[in-house]
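A.B. asks: Chains as they are written, first to last, in the numbering used here: chain A, 37 to 378; chain B, 37 to 378; chain C, 37 to 378.
Where hints are given, some of them may not hold.
Identical copies carry no separate label here, and so any pair may be met within one copy or between two of them.
Straight line, CA to CA, 27 Å or less: simulated DSSO-like cross-link-like pairs of lysine-lysine [to be verified]: (1) 122 x 246; (2) 40 x 246; (3) 284 x 122; (4) 215 x 183; (5) 205 x 246; (6) 319 x 122; (7) 40 x 319; (8) 122 x 205; (9) 246 x 357; (10) 122 x 357; (11) 57 x 122; (12) 246 x 284; (13) 222 x 40; (14) 284 x 357.
These aren't lab readings, by the way, just hints derived from the structure by calculation.
Keep in mind the model is a prediction, meaning the values are calculated, not measured.
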Amino acid sequence: MIFKGSHILSVDQFTRADIEKVFTTADEMRPYAQRECITRVLNGAILGNLFFEPSTRTRISFGCAFNLLGGEVRETTEVKASSLAKGESLHDTARVLSGYSDIAVMRHPEPGSVAEYAVASRVPVINGGDGPNEHPSQALLDLYTVKLEMATRGQGIDGLRIALIGDLKNGRAVHSLCKLLGMYTKVHFKLVSPPQLAAPEEIIVALIAKGHRVEICHELEEGIHHVDILYVTRTQEERFENQEEADKYRGLFRVNQSIYTEHCEPNTVIMHPLPRDSRSAAKELDEDLNQNPNLAIFRQTDNGVLVRMALFALILDVADKVHDYVHPVTWYTAKREPVPNQ
Amino acid sequence: MIFKGSHILSVDQFTRADIEKVFTTADEMRPYAQRECITRVLNGAILGNLFFEPSTRTRISFGCAFNLLGGEVRETTEVKASSLAKGESLHDTARVLSGYSDIAVMRHPEPGSVAEYAVASRVPVINGGDGPNEHPSQALLDLYTVKLEMATRGQGIDGLRIALIGDLKNGRAVHSLCKLLGMYTKVHFKLVSPPQLAAPEEIIVALIAKGHRVEICHELEEGIHHVDILYVTRTQEERFENQEEADKYRGLFRVNQSIYTEHCEPNTVIMHPLPRDSRSAAKELDEDLNQNPNLAIFRQTDNGVLVRMALFALILDVADKVHDYVHPVTWYTAKREPVPNQ
Amino acid sequence: MIFKGSHILSVDQFTRADIEKVFTTADEMRPYAQRECITRVLNGAILGNLFFEPSTRTRISFGCAFNLLGGEVRETTEVKASSLAKGESLHDTARVLSGYSDIAVMRHPEPGSVAEYAVASRVPVINGGDGPNEHPSQALLDLYTVKLEMATRGQGIDGLRIALIGDLKNGRAVHSLCKLLGMYTKVHFKLVSPPQLAAPEEIIVALIAKGHRVEICHELEEGIHHVDILYVTRTQEERFENQEEADKYRGLFRVNQSIYTEHCEPNTVIMHPLPRDSRSAAKELDEDLNQNPNLAIFRQTDNGVLVRMALFALILDVADKVHDYVHPVTWYTAKREPVPNQ
């Protein structure tokens with residue numbers, strides 16, 4: 037059993053029971069995230085939200101989740117200004133900064149850096165993304181979304197049919213989601229990408245070894261029928277050698293309403309780890325789908341707050357106490373449930 | 037009636053009754069801003085303070101105002117690092133980020149961008165400045181200052197005589213203030229600028245149509261006598277084609293103590309939206325006026341906190357509850373009232 | 037007696053009694069910093085954490101200290117984006133920003149700038165480092181660490197033998213520590229540096245005038261024996277004319293375990309203001325000392341939180357009330373005491 041005091045560095049840490057625990061805890065966070073009530077269970081606690089690579093949404097999502105539990109957030113978004121630039125080791129940075137918070141989230145461009153940092157940290161560390169390597173809270177919120185969306189269709193995750201579409205070579209979100217889904221049974225994966233951006237061999241092999249069905253597709257239309265979920269991704273342009281190389285794949289696969297209507301089963305769920313590239317040359321997920329109630333992309337990011345609250349609550353061992361520190365909401369709250377997607 | 041749950045995008049939204057409501061609410065915020073007591077009415081609420089264009093004072097002023105009401109602030113100051121740079125639409129950014137806060141302030145360099153953002157946001161949005169277009173809280177704090185300063189002289193806003201001085205072409209603060217003052221009666225505007233930096237024709241026409249008196253002046257000395265208020269502005273250098281073009285107007289109009297003594301009526305109020313340019317080549321408002329008790333520029337920025345608290349309180353519908361969550365101040369507080377200006 | 041409402045601009049402000057007051061107050065902050073309990077004494081107070089020069093650790097340390105007392109933090113890390121870039125004077129910036137907080141910490145690259153800012157500020161200002169000039173909270177935490185480390189060895193500060201090693205010309209931490217230690221009696225200073233990076237003449241003269249013993253050394257081995265404390269510093273590369281000039285001194289003095297074993301008395305304390313430069317060409321303090329229990333460098337940064345809490349509590353006059361606002365800690369806390377250094 038992980039959690040109390042644990043670092044969260046990789047999806048490989050999780051058993052299926054761990055995942056279920058995160059999800060049931062996330063479910064319990066919903067009234068707080070939707071401002072039906074507030075909790076102050078972490079009153080006095082401090083999150084170190086350490087982003088050594090730029091990010092707006094992930095950083096704010098973690099900070100928001102901590103605030104929703106009643107805690108304070110100290111943060112850095114300075115990349116070049118840090119002591120790391122003066123030759124300080126990650127070990128020293130971790131030893132110093134871990135004296136300033138009760139828990140930390142860290143993003144850093146170097147694969148493995150967050151794990152290295154965690155070794156020297158005196159407080160639990162959540163990997164907020166270490167370059168192309170891992171971003172476990174993203175994978176968990178994706179799977180949580182799969183679970184919730186399928187539940188509204190009377191299904192579970194076992195037996196799921198999912199198409200993963202786009203840059204399957206560089207997308208860490210896809211890799212991690214494959215690992216998590218691999219822990220369930222009889223999932224049918226359709227891997228839809230140009231041959232040059234195919235999913236890594238070891239991921240495919242691992243899925244097959246666990247008894248899942250893996251189908252490789254190079255055509256979008258072929259890939260998207262007979263599935264429950266489309267998981268569309270953008271081309272990870274920043275991982276390519278140069279812009280010219282990246283441009284080759286721009287706009288290659290475009291999911292829009294007419295393609296959806298023609299090729300997908302009704303009620304096929306549409307997911308995307310966001311941001312989606314809405315520039316005319318890209319449009320891997322067209323905005324004409326915004327009215328489609330099966331577009332789950334914004335429910336997905338909302339779920340991220342719940343999952344991050346759950347991780348904080350489990351690591352800091354307050355999941356059972358959240359409801360003991362409830363207060364009423366005093367202010368006007370907008371309707372939060374984004375139904376339908378507009 | 038606007039407010040509860042409203043976006044605040046433009047001064048055009050406000051009726052005179054709305055403005056009075058903001059001002060009476062701002063008056064009630066004074067004891068909290070001056071730390072005579074604290075309120076925790078927004079305990080648990082989160083502000084998304086989203087600055088996609090740099091700003092220190094406006095950003096901190098909004099954040100401070102929200103903290104003074106008891107709420108938390110999550111914020112971004114990252115311009116190029118955001119998902120917008122990866123081709124994300126404002127629609128998507130708004131849908132995502134509005135899941136992370138109860139209300140948002142947004143600054144963005146593109147005119148109209150904040151309104152576009154607000155359409156997709158699920159929480160109320162306050163325009164914190166969309167390039168040369170609008171910055172409604174600045175206009176409100178300016179008018180609130182006019183009202184308070186004139187009140188100490190036994191006058192109201194109706195019948196006001198005001199000189200607007202400097203770059204009247206590019207200054208959004210001036211444009212918005214003209215619109216707000218236009219809602220009152222029989223205001224005498226003296227528009228003092230070089231011909232090339234004159235106020236836009238449509239603003240002048242609108243004021244005249246409403247029965248106000250508008251006088252155009254190209255000489256400073258002529259412009260500043262027989263008025264109640266000098267509203268001095270800096271040259272908006274960042275809006276010019278190049279620095280050379282901007283330099284032509286640097287230091288053209290300079291208000292200082294000797295000019296004030298010679299040409300202004302006693303007790304003429306001096307205002308400025310700040311920052312004032314104190315470099316020797318500029319000095320549109322000389323520092324030798326710092327001892328002049330009619331210099332209202334720092335009272336003006338202090339008033340900004342009150343007005344922003346009022347906007348938050350009205351939008352989130354807690355204006356009537358602020359006093360129900362009062363606590364004493366436990367710590368040493370410096371004398372805050374800046375009288376005289378030093 | 038300084039403190040209530042005081043600015044903290046320089047170590048020269050402090051009497052020995054003041055210093056002792058800071059230290060006894062810091063001692064009382066330990067249970068809060070170590071999360072044995074929390075205090076909310078500054079609930080509702082706002083810190084303006086104003087960093088006009090990059091810093092991660094000092095900024096977060098101050099912010100954390102304020103949060104630990106229950107207050108909120110508004111902050112800026114924007115250097116070029118500020119109004120200062122538009123020609124605003126420090127006077128105006130101070131008058132404006134001091135309306136947004138109850139107390140401020142300011143870092144700025146120009147010597148004297150923080151003092152200039154403080155004159156116009158309506159709230160107390162702590163100097164968080166003004167270029168090569170002063171950084172009083174660093175000096176205080178260094179001396180506090182000296183005191184605590186010596187106390188575990190049954191000694192006080194009077195009669196201390198300390199070796200100051202490295203770039204003694206440019207290191208403001210060293211200069212300030214010399215000033216503070218100068219207030220005690222019969223300290224034996226060994227100043228170990230290359231001749232070109234020697235400590236300023238006036239510092240040496242002042243120490244001698246007060247009856248301390250000052251020894252100048254150019255060899256590391258000679259400098260480090262018969263002392264109680266090694267205070268090692270990195271070369272302040274950013275203060276050199278160019279990188280080439282700085283490179284001359286890189287790696288000149290390197291303290292490591294074998295040198296320590298051979299030349300130092302057992303239990304000699306090792307300090308460093310951090311960051312230490314762990315790149316292979318530098319390594320002024322080798323990582324092979326990380327297991328040495330006398331390595332006090334991380335206890336030193338932890339002490340910084342206590343000292344900063346003490347300064348806030350004394351300036352805001354809540355030192356005697358901290359314990360009246362105690363709450364239990366609700367969450368899992370990691371063991372914080374870093375013994376031994378790992």
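A.B. asks: Which numbered conditions among the earlier hints are violated in the structure presented, ordered from lowest to highest?
C.D. replies: Of the numbered hints given earlier, those the structure breaks are 1, 2, 7, 9, 10, 11, 12, 13, 14, listed in rising order.
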